[in-house]
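J.: Generate coordinates for the entire structure from the input sequences, incorporating the hints supplied.
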Amino acid sequence: MKKSIIVAIFTLSFLFLSVPQKAHSQSVFGLSAVGYNSTTREIFGTSATWLDFQLAWYYDPEVLGELYWQFNNEVPLDSGYGIGLSLPQYGVLIPAVVNLYSTSYLPVTLYTTYSTHFVRSYYVYDSCSGPFGFFAPCYSDPFGFSNFFGGLFGGPSFGWPGFPFNPFFFVSGRRFTLGTTQVSILTPPGPFCLPSFKSGEMMVTADGATAPPCPTPTPTPTPTPITTILEVSPMEVTPSGTEGAGPGAPKTATVTVKTQPATPNRSVTLTLIPIENSGGHVDAHHTGRRPAGQLRKTTGTTDASGQFTTTYTPSFIGGLVDIQATVAGGTTSGRVGVQSRVGFLFELQAGTNYELIGTSPSHPSNHWGTQLANFGLREIADNYKSTFYSQIAIPQADKLHYNDQSLIWGGEFELDNDWQTGDAHREHRRGINCDVRCCTTPGFVPATRRAQLQQIFINAGSTDTNDETNTSAPHWHLRFLNGATNVAVNRSAGNFVTETFSAALQREADADEWQERMDTFDAAHLQGQIQTIDAAKAMTSALFQSVEYLNRNRSNEEYVKDLYSTFLLRDPDAGGFLYWMTALQNGYGRDHVLRGFAESTEFRNLIIALTDTPPPGPICNSADEQFCYSQGGIWDPDNCFCEIEPDPDPCLNKPWLCDIYPMY
Amino acid sequence: MALRHLPDVLALRTFETMGWPRRATPTRLPCSIFVGLALGGQPQEGTSVRRLFLLVIALISLGGVGLWATSTSQQIKREPLQKAKTLLRSPEVYAKRRHGEPGKEVTYDPRPKVEVVDAKAGKYHLKWIGYDGKQKVIEYQHPGAIDIVVTGAVEKASDGNYTYDYTVDILPTSFAYLYSFQLQNYSDDTRPVEINSRPTTLADLRILKNFRQIADDGKAKNFENTVLIGEMSRAIPQFKEGQWIAFGVLPDFQSSVVPGSRLRLKLVSKAPPGLVGCSAAAGPRTLQGVGEHMPTELEEVMPGFEAWPSGYTVGPVGFLQSLSESKRTSYILDRMVEFEKLGWITPSARRWYEKTLRNDISSAVQRTHKDFASGQISSEVLAMIQAIKP
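Residue numbers (the working numbering), protein chains in the order written: chain Y, 1 to 664; chain U, 1 to 390.
Derived from the structure by calculation, the hints contain no laboratory data. The structure presented is a predicted model; accordingly, all values stated were derived computationally and were not measured. Wrong hints could be hidden among the right ones.
In silico DSBU-like cross-links for lysine-lysine, where the CA-CA straight-line distance does not exceed 35 Å [what the hints assert, rightly or not]: (1) K355/U - K120/U; (2) K355/U - K251/Y; (3) K251/Y - K134/U; (4) K209/U - K355/U; (5) K389/U - K240/U; (6) K77/U - K341/U; (7) K399/Y - K77/U; (8) K219/U - K85/U; (9) K561/Y - K240/U; (10) K399/Y - K355/U; (11) K561/Y - K83/U; (12) K251/Y - K85/U.
T.: Listed below in structure tokens is the structure:
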């Protein structure tokens with residue numbers, strides 16, 4: 001008995017242990033949340049379901065979230081259904097979440113988030129095998145949310161040969177509703193405004209209260225892009241080589257790139273775009289590339305104030321050139337056009353006593369001149385006619401024939417229609433010249449009239465007419481200089497670099513070489529005059545030490561001439577040339593001679609006189625200055641000059657002088 | 001260092017030559033002062049101070065007497081036409097030249113420069129390297145290389161016309177012939193009537209605007225081989241006021257206007273005499289070309305009309321006719337300083353006329369002939385003062 005009881009106990013225990021356990025859920029969590037923002041007048045809600053690790057082996061969480069307000073419990077303000085994902089074997093436990101949102105905010109209103117929480121079982125294949133399988137039901141819902149009756153009953157047979165009955169139960173993706181959660185919130189009375197449907201309209205709340213319309217919510221600011229602004233001043237400059245266009249005529253323009261908002265340390269790129277058919281040249285009839293001029297720097301970086309500044313120097317061709325700037329991370333600026341032109345040129349109109357000739361497809365309008373020139377040309381023709389034809393009309397073929405003056409914007413007037421090569425006609429640049437036909441018909445001027453005509457030329461303002469009548473291209477080259485004084489021509493650091501390259505290496509500096517040297521000049525310029533001179537010495541000397549120069553295999557004589565033309569930008573004088581040649585013949589090395597040029601006063605003065613180096617100013621002798629003060633004088637440091645003012649009233653101190661000589 | 005301690009006329013001139021800035025007006029001392037101070041310098045050993053003092057006083061007194069004597073016997077001395085200092089210098093900056101076939105262009109240095117041949121004579125060579133690689137040279141004559149003294153005399157005829165008689169002396173110190181001479185006037189009827197005693201015809205005046213529409217009265221006598229009578233353009237700043245008649249010397253006449261010679265011109269006008277401008281230029285003024293234009297930079301070193309010698313003379317001034325006697329007097333008085341500068345009136349005579357014209361015009365007018373005869377006033381001043389009471 002006792003033994004059978006013990007066996008029974010053991011048997012029952014075994015059976016109990018063998019029966020699949022109805023394991024109870026560890027945890028399923030449900031969440032409902034609701035909130036508001038009275039300022040932006042928004043309602044927020046959240047519904048969520050999530051499982052703990054154990055449960056996640058068998059289920060995925062799901063949730064249905066709904067947001068209601070007190071005025072309608074049928075149709076939610078917002079709703080959504082969320083599905084989570086459980087992959088515990090990979091550590092993935094993603095809850096099911098639904099975020100709810102509504103802008104139907106009203107004060108003193110109840111809002112509710114209502115959540116229905118679900119779990120969805122996995123696909124289950126559960127084999128109940130073993131000697132007790134037939135009697136031990138297999139559950140695919142091990143945590144007891146439901147039972148297996150919702151699943152399928154199946155199996156290959158009711159028993160394999162040699163095996164007991166071996167059924168299986170199948171539950172496919174079944175969703176089990178766990179329950180609901182909800183939470184409500186009551187919005188506060190304020191703000192005392194309502195979203196308006198019409199600007200300025202007074203609104204009535206649901207409870208009958210009135211409130212002014214709410215201000216439009218400030219939209220979230222979006223990042224502002226960097227705007228690139230390009231400024232060029234002045235927008236009209238004179239073409240290179242036309243310094244005589246008038247005192248004060250600007251030769252360069254300042255190019256300023258600004259960022260908005262001001263953004264420092266941004267790289268800037270500038271581009272020059274020459275505009276076709278500008279300045280009186282028709283591009284289609286030209287060969288080569290239209291010169292655009294030169295930017296002091298084509299790239300750079302914005303400074304602390306978000307700006308970048310450089311200088312534009314026009315080419316020798318008149319015309320329009322657009323400048324465009326691009327800032328990294330910003331917009332590309334609009335194009336700003338710079339006019340390279342000689343100002344105040346006027347077109348000579350047809351006249352009774354002269355003919356205009358010389359137009360061409362490449363230069364369709366070739367009679368532009370200063371007022372003096374045009375006025376003078378009309379007077380010349382009238383006076384020529386009066387002198388030799390009195391009051392009789394001048395025959396067509398006898399009229400003076402006026403060939404080229406200048407182009408509409410001045411600048412170089414090339415006849416061979418090649419932008420690069422230039423030719424013998426390039427001097428008609430600023431409206432003061434005109435070529436008058438002399439020796440071919442029509443327009444032939446008899447030899448007996450030429451002395452008178454030359455007087456007529458000068459009376460009309462053509463100073464020093466160039467008489468080319470005995471040359472292969474016979475004509476008179478008139479020049480209406482208008483009494484201008486000698487034009488002070490200026491050389492900039494840029495000119496200097498170009499000229500030294502040309503002199504030493506017989507070629508132009510490429511853009512990088514030019515830029516590098518200009519940067520050196522700039523850096524030295526900031527430090528002062530002495531540093532600028534030193535930089536110029538080093539740069540110029542380096543040309544002679546370059547492999548390129550050494551490869552030219554220049555003789556001593558050529559070397560000295562090169563030094564003159566590079567350092568002093570002139571031909572050698574006889575005495576100086578002999579001196580340096582003798583030095584070389586006497587065994588002094590080329591470096592010695594080069595140093596002589598680099599250290600020369602003439603070279604130093606040339607650098608000081610560059611327009612963009614520090615202001616020239618001799619270094620005065622301090623003893624002279626002291627002496628000046630000791631004499632009661634006023635010292636002028638710019639000119640190292642002592643001025644002692646004359647006695648304003650000599651009679652005051654020397655009455656005897658004034659008594660004798662009343663002129664005092 | 002430059003130390004300028006005034007007065008020191010010699011030192012100031014040195015500065016001017018060197019191109020130093022001129023900032024103060026020098027005060028001229030009479031020469032006798034320098035003499036007196038020099039003699040009265042360091043006394044010799046053994047010489048009594050008293051004797052030296054007396055000697056100095058005596059010398060100063062003599063100097064003063066001398067000055068007075070000079071002032072009373074002083075005569076006018078006409079100034080020649082003034083010349084602006086314009087020196088031609090080689091261009092410092094110039095463009096390189098390019099030429100050749102496209103793709104095979106050659107850049108070269110034209111090396112434009114001004115070479116002084118004779119600075120005093122204003123002769124230069126304008127040089128550059130031409131497109132053919134050869135040096136080109138154009139001779140240039142500065143327009144100011146001529147010294148001109150102009151004397152203007154006026155006569156009034158019974159018909160009311162004034163005849164303006166000019167003597168243009170080309171001083172022997174000149175270095176070139178007279179290329180052209182210009183006379184200003186302020187009267188439309190001003191008519192050149194004689195050039196070196198050769199009368200003009202209307203045909204000679206064809207270019208003058210005021211005579212252009214009048215039919216010719218015969219063959220031109222001057223414009224073919226003597227002088228072309230023209231008119232300076234009013235568009236030229238130096239000739240914009242009034243009318244400027246230009247007497248342009250033609251090749252056949254050049255030998256008549258060389259240094260040391262004299263040009264006589266006569267104008268007739270109803271307008272009374274006033275102060276007018278005149279100018280001249282040395283020739284030749286046309287450059288002989290060499291087959292290609294010189295570089296622009298070289299062209300620009302040549303001066304314009306501002307370099308032409310210029311000054312004043314007497315000439316027809318039409319608006320004086322409409323002025324009252326007192327206004328005409330004021331016209332003269334306002335120009336007295338200029339007259340003295342031009343060497344047309346002595347300082348003492350100027351003071352006298354300035355005083356007398358304000359109080360007693362008739363006396364002033366009456367005395368002009370006497371002062372002209374004694375060299376105290378010039379023919380120009382004589383004419384203008386006489387014209388106060390026409």
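J.: Of all the hints numbered above, which does this structure not satisfy? Sort the numbers upward.
T.: As far as the earlier hints go, 1, 2, 4, 7, 8, 9, 10, 11 are violated by this structure, in ascending order.
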